[in-house]
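Undergrad: Quick mapping for you: the protein sequence lines, in order, are chains A and B.
Each residue of the first sequence is one higher than the one before, starting from 1 at the first, in this note's numbering.
Each residue of the second sequence is one higher than the one before, starting from 1 at the first, in this note's numbering.
Bear in mind the hints are in silico, worked out from the structure with no lab data behind them.
All values derive from a computational prediction rather than experimental measurement.
The beta carbon of each residue, even a glycine, is placed where N, CA and C say it ideally should be.
Fair warning: there could be bad hints in the mix.
Now the in silico label distances, taken between C-beta atoms and shown as ranges [to be verified]:
(1) B:Ile115 - A:Thr35: 19 to 29 angstroms
(2) A:Pro222 - B:Arg198: 26 to 36 angstroms
(3) B:Thr93 - A:Ser158: 35 to 45 angstroms
(4) A:Leu225 - B:Asp140: 32 to 42 angstroms
(5) B:Thr161 - A:Pro164: 52 to 62 angstroms
(6) A:Gly50 - B:Leu308: 48 to 58 angstroms
(7) B:Arg188 - A:Pro222: 38 to 48 angstroms
(8) B:Leu168 - A:Gly220: 22 to 32 angstroms
(9) A:Thr249 - B:Leu111: 53 to 63 angstroms
(10) A:Thr249 - B:Pro145: 28 to 38 angstroms
(11) B:Ala88 - A:Ser158: 36 to 46 angstroms
(12) A:Pro214 - B:Leu111: 21 to 31 angstroms
(13) B:Ser143 - A:Thr249: 19 to 29 angstroms
(14) A:Val32 - B:Ala179: 44 to 54 angstroms
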Amino acid sequence: MSSVLERPPAAPPADAPPSRVQRVVANKRMLVVTTVLAVLLVYGMVTTDGFATVDNGRAILAAIAITGFGALGATLVMLGGNLFSMSASVTAAGAAMVFLAALQYGVVVALVAALLAGAGAYALQGFAIGAWGANPIVVTIGAGSLQAAVAIMITDGSSVRVAPEVTSYKFLADTVLGIPVGVYLLLVVAALLHLLLTRTVWGRNLYFLGKSPPAAYAAGLPVVLTTVIAFAIAGACTGFAGVVQAASTQSATINDLGTLTFDAVAAAVVGGNAIAGGRGSIPRTLLGVLVIATLGDLLLLRDYSAGVRLLATGLLVIVFVFATSSKEQAR
Amino acid sequence: MIDRLRGVQLTAAFPYVLLVVFALCFAVVPPVMGYEVSSINLFNVGQSFATYAPLALGLALLMIAGEFDLSLAALYGLGAMLAVKTGADSPLTGVLVAVAVAAAVGLVNGLLVTIGGLNSVSVTLGSYIAVSGLLLIISDNASVPYLNYEVGLNLDSVLMTVLSRRSLIAIALFVVVGAVLRFTRWGRDLRAIGGDRRASRVAGVRVRRMLIATFVVAAVLAAVPGALLGYSLSSASPAYGGFPSLVFAITAVLIGGVALSGGQGTALGAAAGVLSLALLRETLAVVAAPSYASDLISGALLTAIAILAAPHLLRGARARRWVNTRPQVSEAAA
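Bound-form chain A, shown alone:
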């Protein structure tokens, strides 16, 4: 005799999960798109003078630190199903300003202050989005506009500079073995984030939440906390982008890093992370950052203007949004 309260009989064991290859083939759009892109990039590399040199390799790596930190932040926002933040540029620039202003108290204090500023700004937005279900695009546009105005109000529109006698931060702009310190930091942070996403309950929850918010709610996951933490870490990563920028330019205004918002999302999308959330990883993001940086470098070597780079980035985003959107979303 069975009661409705009893557990239903266990489901028969599912077939073995699809192998990595099967999953890739199943996602044909992605395969086609990545193949075409790879062919184009290789063609560009082979036919462009000065591409296959050590110096150029360093130039590409030098370009990835700032976009890379932005892309890490964008990935966390995206994974949780919150699309993307439209205020990344402003937050990074704000963190850069905080960093430079706080350098007089030492580089550690300045770094912590900058990261906290970024984390705090994002966490507040993450709360509105996660707890109240506010629209992420509109909230981040509004909050970005607000942050920019506050920054201009505080600084009176002038740029924040650091006193020339302060040199404690200079190591951030150094190179080791020809590669900027920022790139090493990016790799360290990326590795940490990868561990957090794959080895912690929070990481599991974030994937789950991005994949199916109703299921996450039904399962009783701490949805609000998960979202707020994801935004806070994303904000800290975005702040890190600002710090790396500030260390090399030694001055900051709120309009610096104007294209970071786009570059970051573009890199995360081109890496193959699903813009709708739930699918993606940090290694993919790093791959996307590398692709965007290589593309930018190729176009630069071939004497194309910044406009062409932006146009190509935009088209890439559209193509990859198409490639990563799953069937069930399509009508």
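With the hints as your guide, set chain B onto chain A.
TA: The following block gives chain B in isolation, referenced to the frame of chain A:
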């Protein structure tokens, strides 16, 4: 953005109440602070309206249909640049070129969202970036002068003390689109698509065709005021459009009573939203407020309204965690 749940419901009168409040501020605050308000300030409000209103109207149409288009802000700048570059001899040609290019971009956006089944925010982020790139390429990253000054003077000459040809064009666009939205089947279908897409499809609405058309119309409505602004300022810069105009348009549309969740909104409400913001800007300009004041207030307004419209705002903290009907942000294209 198709939520079944709604946040704080703005009453239908909200946009107009807000407009009256901003109008009172405009009439009262400057004199109290020792500044004078004259008809030229009202003219300026009309000019602001002319500059941003059609852009906001296009965005409103898409939001009523439950979609969104970030690229409108870039198309606005592109409209100015194309008109200034190609309209040296005949201003009408310039506007037509701007309209044609914008319509093509709108068509691509619409096709990707409908046929491709993609999320409109994500797709149009891509087209926003791409169009910004196109704008830089066309302008060679420098502002371009428009030497046919007559056109700008003609567009901006004062008519009936507070209007200009440019603001009359914006008003005319509102009247036409508003009438279509209010009185025709097209308007009813658009609201149906935004309110409940599946039901409207079952009821026989040609959803895809309507959405594609709306993307095209919205793109054109963004490019036209851009083109006219280029003539009015006798120059076009790649910096036109972009983020500030996007913030203005979204804020205006939301305080104008157009719901982010789709299905709700009127052209008149959107017009009231634009007028409210235009009055706010002029008030701040009259009292010589610092430049950031306007961004500060509109940013705060936009954030506040986004939170007010959030579907779970009124839920208890406990319920929020457990209830299983949170709308999927990714569902906008579904």
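Undergrad: Next, verify each hint and record whether it holds.
TA: Hint-by-hint comparison with the structure:
For Ile115 of chain B and Thr35 of chain A, the hinted distance range of 19 to 29 angstroms is satisfied, since their beta carbons lie about 23 angstroms from each other. As the Cβ distance of Pro222 of chain A to Arg198 of chain B is approximately 32 angstroms, the hint placing it in 26 to 36 angstroms holds. With their beta carbons about 43 angstroms apart, Thr93 of chain B and Ser158 of chain A fall inside the hinted range of 35 to 45 angstroms. Distance hint check: the CB atoms of Leu225 of chain A and Asp140 of chain B are about 50 angstroms apart, inconsistent with the given range 32 to 42 angstroms.
Roughly 57 angstroms separates the CB atoms of Thr161 of chain B and Pro164 of chain A, a value that falls within the hinted 52 to 62 angstroms. A hinted range of 48 to 58 angstroms for the beta carbons of Gly50 of chain A and Leu308 of chain B is consistent with their spacing of about 55 angstroms. For the hinted restraint 38 to 48 angstroms between Arg188 of chain B and Pro222 of chain A, the CB-CB distance of approximately 43 angstroms keeps it satisfied. Distance hint check for Leu168 of chain B and Gly220 of chain A: the Cβ-Cβ separation is about 58 angstroms, which falls outside the suggested range of 22 to 32 angstroms.
Between Thr249 of chain A and Leu111 of chain B the beta carbon distance is about 42 angstroms. The supplied range of 53 to 63 angstroms is therefore violated. Taken as a hint, the range 28 to 38 angstroms holds for the pair Thr249 of chain A and Pro145 of chain B, whose Cβ atoms sit roughly 32 angstroms apart. For the pair Ala88 of chain B and Ser158 of chain A, the beta carbons lie near 39 angstroms from each other, so the given range of 36 to 46 angstroms is met. Between Pro214 of chain A and Leu111 of chain B the beta carbon distance is about 30 angstroms. The supplied range of 21 to 31 angstroms therefore holds.
Separated by about 25 angstroms at the C-beta atoms, Ser143 of chain B and Thr249 of chain A satisfy the suggested range of 19 to 29 angstroms. Range check, Val32 of chain A to Ala179 of chain B: Cβ separation about 46 angstroms, and the 44 to 54 angstroms hint holds.
When the structure is compared with the earlier hints, violations turn up for hints 4, 8, 9 and for no others.
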